[in-house]
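Colleague: Below are the chains, spelled out letter by letter.
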Amino acid sequence: MADVFKALADPTRRAILDGLTENEEQTLFEICSRLYATQRLSSSRQAISQHISVLEESGLVETSRRGRYKLHRINTAPLEPIVTRWLRPTTPAPTADTPETPPPTPEENP
Amino acid sequence: MRLHQFSVLVDDQDTARTFYTEILGFQVRHDIPMGEARWLTVVSPEDPDGTELVLEPSMHPAVPPFKEALVADGIPFTSFAVDDVHAEHARLTGLGVAFTQPPMDVGPAIMAVLDDTCGNLIQLLQHKT
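Protein chains in written order, with the numbering used here: chain S, 1 to 110; chain V, 1 to 129.
This is chain V alone, in the form it adopts within the complex (with noise of 0.2 Å):
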């Protein structure tokens, strides 16, 4: 059994399309209209036949509290491994992006985590080697 693809509950699949591409820097893999909604997802550049993000719209009622009540305590839901954390967090600063939490060093790896200006709040994470 393999991951294939995990999901982000975003509050509008426009912006969430142009956030994971244009600033973090994934690439579109599915992007097809389902009714409503379309089934959007994107990949990362370094493994594109790897797992799939997909940006799920956050419409059921019972996700928007979810979605407060987490990114009230800063908590990040979903983690995306990088090389360099201070890097990525000096890149994605200079695009705008907020951080709730600067990187900080804690251990096994330094990690930072950002807005994703779809109601998440995901996390950087490197590993030391």
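The shape of chain S in the complex, shown without the other chains (with noise of 0.2 Å):
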């Protein structure tokens, strides 16, 4: 769950997650385009490359190439988490592959 609030953390990143629940599936260029379009953001796409490499080690986003383009997708599972450890507690988690640490524990030293 930290990688996911880590790249939660970041504006860019979740402007460019608001981006990818707009269009399906978008290129690079289609995400820098909508960043600037909708944000008037305009860093570089290298810059913007790296902010999605973070999203994709935080499994908030997910690539896949059909023939010659990559195009990324926006993946919500890793925020369920969040609502069934604190928002709906009582609701039966869904069976997790790997076990979190027990809600009732801090997770961290702020």
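Calculated directly from the structure, the hints in this document are not laboratory data.
Careful, some of the hints might be misleading.
[What the hints assert, rightly or not] If you want the ones that stay clear, here's a sample from chain V, every Cβ over 10 Å from chain S, calculated: (1) Met1; (2) Arg17; (3) Arg29; (4) Ile32; (5) Met34; (6) Val43; (7) Ser44; (8) Asp47; (9) Met59; (10) Ala62; (11) Val63; (12) Val71; (13) Thr78; (14) Asp83; (15) His86; (16) Lys128.
[Stated by the list, open to error] Calculated pairs, DMTMM-like style, for lysine to aspartate or glutamate (alpha carbon to alpha carbon, straight line, at most 20 Å): (17) Lys70/S - Asp14/V; (18) Lys6/S - Glu62/S; (19) Lys6/S - Glu57/S; (20) Lys70/S - Glu57/S; (21) Lys128/V - Asp105/V; (22) Lys128/V - Asp84/V; (23) Lys70/S - Glu22/V; (24) Lys70/S - Asp115/V; (25) Lys70/S - Asp10/S.
[What the hints assert, rightly or not] Under 7 Å between C-beta atoms, here's a sample of chain S residues computed to sit facing chain V: (26) Thr27; (27) Phe29; (28) Tyr69; (29) Lys70; (30) Ile74.
Quick caveat: nothing in here was measured; it's all calculated off a predicted structure.
Where is the CB? At the ideal position from N, CA and C, for every residue including glycine.
Two chains, two separate frames, one set of hints: put the complex together.
Modeller: Structural data, given as structure tokens:
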């Protein structure tokens, strides 16, 4: 879960996720275009590419190749533990492959 | 000084001639045999004496990795102006053209990106008036 929070901590990465909810599959060019069109964010493609790498490591973005294009899509599954842990703690948690820290235990010191 | 010609690097000149004329709607200006390739240019029917687009063969070894890297990231290296991006998107999709990006409002313009079947992505751009 720490990876997810790290990924979400950056406003540009949150904006990338916002953009990916508007069109299911997007190339790097489209992601950059959307950031500029909607947020006037004009980071370099290389900088955006690095942000996407962080999102990929957290599992929030998945990439695949279709033909010659590399396409990105959002994966919201890593957000589910946040909902079940604090917002709906009584909801039976989906069977996780890797057990998380038990909910009552504080995760880390600030 | 004026713009005279610019080039797209195409994988196959026959395929390119067909796509750029029959699908996109350009007109052939020159198609002259030049050894193993041809001097092949097209112009817009809206400006037949205007800037020519050279359909240049991409046989130089540096070209394929260059094109592949651009296409993988969805980057259109060339852009054509249209009056109505949504109408062109509908027309070309009907003709089987693949778009990597549907029409999108980017503020001063609306743009879309299509695959030219010759290894390039092409941007269609409509400037808002």
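Colleague: Now, for every hint given, state plainly whether the structure supports it.
Modeller: Cross-check of the supplied hints:
no.	hint	in the structure
1	Met1	30 Å, holds
2	Arg17	21 Å, holds
3	Arg29	29 Å, holds
4	Ile32	30 Å, holds
5	Met34	28 Å, holds
6	Val43	27 Å, holds
7	Ser44	24 Å, holds
8	Asp47	27 Å, holds
9	Met59	18 Å, holds
10	Ala62	18 Å, holds
11	Val63	14 Å, holds
12	Val71	5 Å, violated
13	Thr78	13 Å, holds
14	Asp83	20 Å, holds
15	His86	15 Å, holds
16	Lys128	12 Å, holds
17	Lys70/S - Asp14/V	27 Å, violated
18	Lys6/S - Glu62/S	17 Å, holds
19	Lys6/S - Glu57/S	10 Å, holds
20	Lys70/S - Glu57/S	17 Å, holds
21	Lys128/V - Asp105/V	10 Å, holds
22	Lys128/V - Asp84/V	10 Å, holds
23	Lys70/S - Glu22/V	28 Å, violated
24	Lys70/S - Asp115/V	14 Å, holds
25	Lys70/S - Asp10/S	23 Å, violated
26	Thr27	2 Å, holds
27	Phe29	4 Å, holds
28	Tyr69	6 Å, holds
29	Lys70	5 Å, holds
30	Ile74	17 Å, violated
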